[in-house]
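Engineer: Protein sequence lines correspond, in order, to chains P, B and D. Going by this note's numbering, the first sequence opens with residue 1, and the numbers climb by one from there. Going by this note's numbering, the second sequence opens with residue 1, and the numbers climb by one from there. Going by this note's numbering, the third sequence opens with residue 1, and the numbers climb by one from there.
Treat the hints with care, since some could be wrong.
A pair holds if it fits inside one copy or across any two, identical chains being indistinguishable in the list.
[Claimed, not checked] Derived pair list, reagent style SDA-like, types lysine to any residue, alpha-carbon separation capped at 20 Å:
| # | residue 1 | residue 2 |
| --- | --- | --- |
| 1 | Lys342 | Ala352 |
| 2 | Lys342 | Glu332 |
| 3 | Lys350 | Ile340 |
| 4 | Lys25 | Arg290 |
| 5 | Lys47 | Gly168 |
| 6 | Lys2 | Gly128 |
| 7 | Lys2 | Gly318 |
| 8 | Lys2 | Cys24 |
| 9 | Lys34 | Leu285 |
None of these hints come from the bench; they were simulated from the model.
Below are the chains, spelled out letter by letter.
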Amino acid sequence: MKSPQRLRDIAELVGGRLSGDGECKVSRFASLEKALPGDLTYLESPKLLKELASTRASGVIVDEDVAVPAGLNVIRVRQPSVAWAKALAALCPYERLFHEVSPHAHLGTGVELGAGVGIGPGAWIGDGASIGARTEIYPGVTVGPGVAIGEDCRLYPGVHIYRDCRLGRRVIVHGGAVIGADGYGYVQEETADPAEPVVHRKVPQIGTVVIEDDVEIGANTTIDRAALEATVIGLGTKIDNLVMVGHNCRTGRHCLLIAQVGLAGTIELGDYVTIAGQAGLAGHLKVGDRATIGAQTGIMSDVEPGQVMIGSPALPAGLARRAYAQIEHLPEFRRQLQEIRKRLAELEEKIAAGG
Amino acid sequence: MKSPQRLRDIAELVGGRLSGDGECKVSRFASLEKALPGDLTYLESPKLLKELASTRASGVIVDEDVAVPAGLNVIRVRQPSVAWAKALAALCPYERLFHEVSPHAHLGTGVELGAGVGIGPGAWIGDGASIGARTEIYPGVTVGPGVAIGEDCRLYPGVHIYRDCRLGRRVIVHGGAVIGADGYGYVQEETADPAEPVVHRKVPQIGTVVIEDDVEIGANTTIDRAALEATVIGLGTKIDNLVMVGHNCRTGRHCLLIAQVGLAGTIELGDYVTIAGQAGLAGHLKVGDRATIGAQTGIMSDVEPGQVMIGSPALPAGLARRAYAQIEHLPEFRRQLQEIRKRLAELEEKIAAGG
Amino acid sequence: MKSPQRLRDIAELVGGRLSGDGECKVSRFASLEKALPGDLTYLESPKLLKELASTRASGVIVDEDVAVPAGLNVIRVRQPSVAWAKALAALCPYERLFHEVSPHAHLGTGVELGAGVGIGPGAWIGDGASIGARTEIYPGVTVGPGVAIGEDCRLYPGVHIYRDCRLGRRVIVHGGAVIGADGYGYVQEETADPAEPVVHRKVPQIGTVVIEDDVEIGANTTIDRAALEATVIGLGTKIDNLVMVGHNCRTGRHCLLIAQVGLAGTIELGDYVTIAGQAGLAGHLKVGDRATIGAQTGIMSDVEPGQVMIGSPALPAGLARRAYAQIEHLPEFRRQLQEIRKRLAELEEKIAAGG
Numbered sequence: 001m002k003s004p005q006r007l008r009d010i011a012e013l014v015g016g017r018l019s020g021d022g023e024c025k026v027s028r029f030a031s032l033e034k035a036l037p038g039d040l041t042y043l044e045s046p047k048l049l050k051e052l053a054s055t056r057a058s059g060v061i062v063d064e065d066v067a068v069p070a071g072l073n074v075i076r077v078r079q080p081s082v083a084w085a086k087a088l089a090a091l092c093p094y095e096r097l098f099h100e101v102s103p104h105a106h107l108g109t110g111v112e113l114g115a116g117v118g119i120g121p122g123a124w125i126g127d128g129a130s131i132g133a134r135t136e137i138y139p140g141v142t143v144g145p146g147v148a149i150g151e152d153c154r155l156y157p158g159v160h161i162y163r164d165c166r167l168g169r170r171v172i173v174h175g176g177a178v179i180g181a182d183g184y185g186y187v188q189e190e191t192a193d194p195a196e197p198v199v200h201r202k203v204p205q206i207g208t209v210v211i212e213d214d215v216e217i218g219a220n221t222t223i224d225r226a227a228l229e230a231t232v233i234g235l236g237t238k239i240d241n242l243v244m245v246g247h248n249c250r251t252g253r254h255c256l257l258i259a260q261v262g263l264a265g266t267i268e269l270g271d272y273v274t275i276a277g278q279a280g281l282a283g284h285l286k287v288g289d290r291a292t293i294g295a296q297t298g299i300m301s302d303v304e305p306g307q308v309m310i311g312s313p314a315l316p317a318g319l320a321r322r323a324y325a326q327i328e329h330l331p332e333f334r335r336q337l338q339e340i341r342k343r344l345a346e347l348e349e350k351i352a353a354g355g
Numbered sequence: 001m002k003s004p005q006r007l008r009d010i011a012e013l014v015g016g017r018l019s020g021d022g023e024c025k026v027s028r029f030a031s032l033e034k035a036l037p038g039d040l041t042y043l044e045s046p047k048l049l050k051e052l053a054s055t056r057a058s059g060v061i062v063d064e065d066v067a068v069p070a071g072l073n074v075i076r077v078r079q080p081s082v083a084w085a086k087a088l089a090a091l092c093p094y095e096r097l098f099h100e101v102s103p104h105a106h107l108g109t110g111v112e113l114g115a116g117v118g119i120g121p122g123a124w125i126g127d128g129a130s131i132g133a134r135t136e137i138y139p140g141v142t143v144g145p146g147v148a149i150g151e152d153c154r155l156y157p158g159v160h161i162y163r164d165c166r167l168g169r170r171v172i173v174h175g176g177a178v179i180g181a182d183g184y185g186y187v188q189e190e191t192a193d194p195a196e197p198v199v200h201r202k203v204p205q206i207g208t209v210v211i212e213d214d215v216e217i218g219a220n221t222t223i224d225r226a227a228l229e230a231t232v233i234g235l236g237t238k239i240d241n242l243v244m245v246g247h248n249c250r251t252g253r254h255c256l257l258i259a260q261v262g263l264a265g266t267i268e269l270g271d272y273v274t275i276a277g278q279a280g281l282a283g284h285l286k287v288g289d290r291a292t293i294g295a296q297t298g299i300m301s302d303v304e305p306g307q308v309m310i311g312s313p314a315l316p317a318g319l320a321r322r323a324y325a326q327i328e329h330l331p332e333f334r335r336q337l338q339e340i341r342k343r344l345a346e347l348e349e350k351i352a353a354g355g
Numbered sequence: 001m002k003s004p005q006r007l008r009d010i011a012e013l014v015g016g017r018l019s020g021d022g023e024c025k026v027s028r029f030a031s032l033e034k035a036l037p038g039d040l041t042y043l044e045s046p047k048l049l050k051e052l053a054s055t056r057a058s059g060v061i062v063d064e065d066v067a068v069p070a071g072l073n074v075i076r077v078r079q080p081s082v083a084w085a086k087a088l089a090a091l092c093p094y095e096r097l098f099h100e101v102s103p104h105a106h107l108g109t110g111v112e113l114g115a116g117v118g119i120g121p122g123a124w125i126g127d128g129a130s131i132g133a134r135t136e137i138y139p140g141v142t143v144g145p146g147v148a149i150g151e152d153c154r155l156y157p158g159v160h161i162y163r164d165c166r167l168g169r170r171v172i173v174h175g176g177a178v179i180g181a182d183g184y185g186y187v188q189e190e191t192a193d194p195a196e197p198v199v200h201r202k203v204p205q206i207g208t209v210v211i212e213d214d215v216e217i218g219a220n221t222t223i224d225r226a227a228l229e230a231t232v233i234g235l236g237t238k239i240d241n242l243v244m245v246g247h248n249c250r251t252g253r254h255c256l257l258i259a260q261v262g263l264a265g266t267i268e269l270g271d272y273v274t275i276a277g278q279a280g281l282a283g284h285l286k287v288g289d290r291a292t293i294g295a296q297t298g299i300m301s302d303v304e305p306g307q308v309m310i311g312s313p314a315l316p317a318g319l320a321r322r323a324y325a326q327i328e329h330l331p332e333f334r335r336q337l338q339e340i341r342k343r344l345a346e347l348e349e350k351i352a353a354g355g
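Okay, chain P solo, but in the shape it has when bound (with noise of 0.2 Å):
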């Protein structure tokens, strides 16, 4: 924080209700682990609730029915978490570092600047890009010809956009991430020649990348361009660091993928979707509204709304947690088969030495 707060001060900035003493001044959040006098944290799960005993920070801020021990300073709120955030982004608002266009910027022709753009040194945009007002752009940026960017967007070192896509307003890109990149595309061309009887030959990706409002995406990630249409990123979906998403795929809005997620090509997300860490998505598939796939799952088929798939190959979680749980009995399961045919036989003989 830049400066200490009054606790009461920022329950009146975060809707909440203060419980203690509101003159009390905190000048930095912390975990609730690991919070000393002077700072503010909060309860992010209820399960954390007899850890407020000892924690020997200045303010709480808690739900809003929860017991607390006395003497402790809280501030009630409806979403702890939510409140959270949005003291964090109050007291320790992002400050951009580049308000003017620098003189060693490399602009085109007709770019086009809205008011108090930002571009750093070295940055690169190209002809009839568009860049709307307040939008930050780093040095060692690109910006190919024809490009869109709303307003309030923040576009961090080594970004690089390739030209006609489109972000749209208040989009964060993170370092390295490279937008509108050709999608996978090759056909197999047969050749007269025995030695080299098939070639890969390109097929140009004419389509562009459409990033909707208030989407973040994580550094190094890549997200192609598509084939003819585009590729598009849904409103509030948040993307982590080195995910693939191939030509032609849409996701809806509020989707989360998170860190190396793999989508192939031409995929269809439904709204709030979730992909967790390192799952990979085959090409051509729907995934429905509010499905959630799990770590380093492999998606072969579509998916239906609100499910959970976990495991590769997928199941539905409930059937994947079962059935993945019985891998190490598998030696078990060998044993008893032997077993168990070698009793059945000599079973089979006596009784038909009996019969």
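With chain P's structure known, arrange chains B and D on it following the hints.
Structural biologist: Just chains B and D now, kept in the frame of chain P:
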């Protein structure tokens, strides 16, 4: 397309046989599903044949011998998808952005440039590098000292090529790809310090990377330099985004490495090897010509030519499909084993009692 | 090597005992398999001992006590691979490209530079950053405001370090790595809009990243800044390419994280932990000292010190090898179960009939 084209001219362009109105003009490329009047499309697969009845496209590229609805303008060719790629390449050609060396590019000493080389502002070319005719280098690219790049290559923004690597002709490298970083090579050195009994000592990686002609490399892919000789990407090989190629690997010609594949060190791939997304190969392996490795597969030993491997652990595809399909039945296997053992014990008892 | 070296001098350099012709000169390093006259090589593993009979190398670094063919020049040491790395480092030393601050670098205000710092053209150093003596910063690197980098570091092209992160001494960061991007932190905020009942509100990530001494970080790897305190990479840890380290993680000293590994948030690794390629760890876990996690493994709970875990889901290595090896037998298990149940029913019938 830049201007509307007569179907007659497109037929000639792709070497096809026109059936229908050759004077009809098209001005856009579209998928079969979304095509409107004025659009050219193609029949990607015979499975979509019945879609032809309802298409609104003005022209469709189809197989030589399929039956098409009366009144539909078609261009008949032997490989429709190849003709489609050719038409796209001819009518929506890639447009170079950089035809000259920007005064804001940073060139070292002794750099050799072929005719028509284009280098964008902010790119850096190290001492003694050579760049072939008509090669285009976008802003934000770095080319280390001693690198040799062939003719007609294209390095998109943020590509980094370390010293002494070599690229052939017509190589395309997408944004953020890193070629020639040090391989992951350390030796465990024992020390006399009981608190740190071993440290990982770096093994200098004095080899290079050689990329042969007609290779395409995806965004944010990394290809490490060899420890001693060269990591080699064979002619015509196409590599997708976020792929890791470890030091000393050699791919054959015309391989396909799909997104997020990982090759550990010293792997040898034959020609026409396909490795699907997120698959991983352990080090020091050989994969024979025309082998195929499925998505998320984990390869721990050599793969024979032509073999198809699936799963982690990997199995030959036929077996893999049957075997992995049993995982969901494992809870049932367990129940059956319990039941069988119970019934067997009862039988044994009965027979013992009756004997 | 820059100039031919006498074996006698190399023996001295690596602290070895020469046996053979000490005046013999070598001028190249080569693998045992490919070495020619004039080459130095080494015996990587005792398994390759018989290769010594046919090697054409002019000198071989070997273990102290192995028997070698008569007439072969050898340098005997306790750890041949360590001696090999030392010889490479001494005779093929890394050559710095940048010894000064380029006039085309972009430096903010209040930047502190140690003696002999080299900064390439187009690099950007934010306000108040400090860079230790002899550290080399390639073109296209960005160093955010307030970042502190120690002595003798090397940042390859396209490395991006966000504000306020700290790097120790002798840290090497390869091209495209992003250090200090925002951790993936959102809270689900309920809204009054039934069409969008929940939005993902960003939690500002106000922590940093601390990279300790002697760490090496691979190309296009991402290490996210902490939500509150610091993501820490411990001394001597070596990270390969395309690795994801989530916010709040702490690795111990001398860990090895191999390519495409993913660590979710708030993971604690002990010292000497090894994680093989494409493995993934769920958040909020602890991994004990000297634990090893196999390739493609999925870790969902804590790992004890020294434990070796394999598979997804992960099992202790011994069990994992036996258990996963059964997967290919599952179709046979199924057949046996069917057959057993049939034979059992027949027996039961016979006994019932006979009883």
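Engineer: Quick one: which hint numbers does this structure break? Sort them smallest to largest.
Structural biologist: 4, 5 and 7
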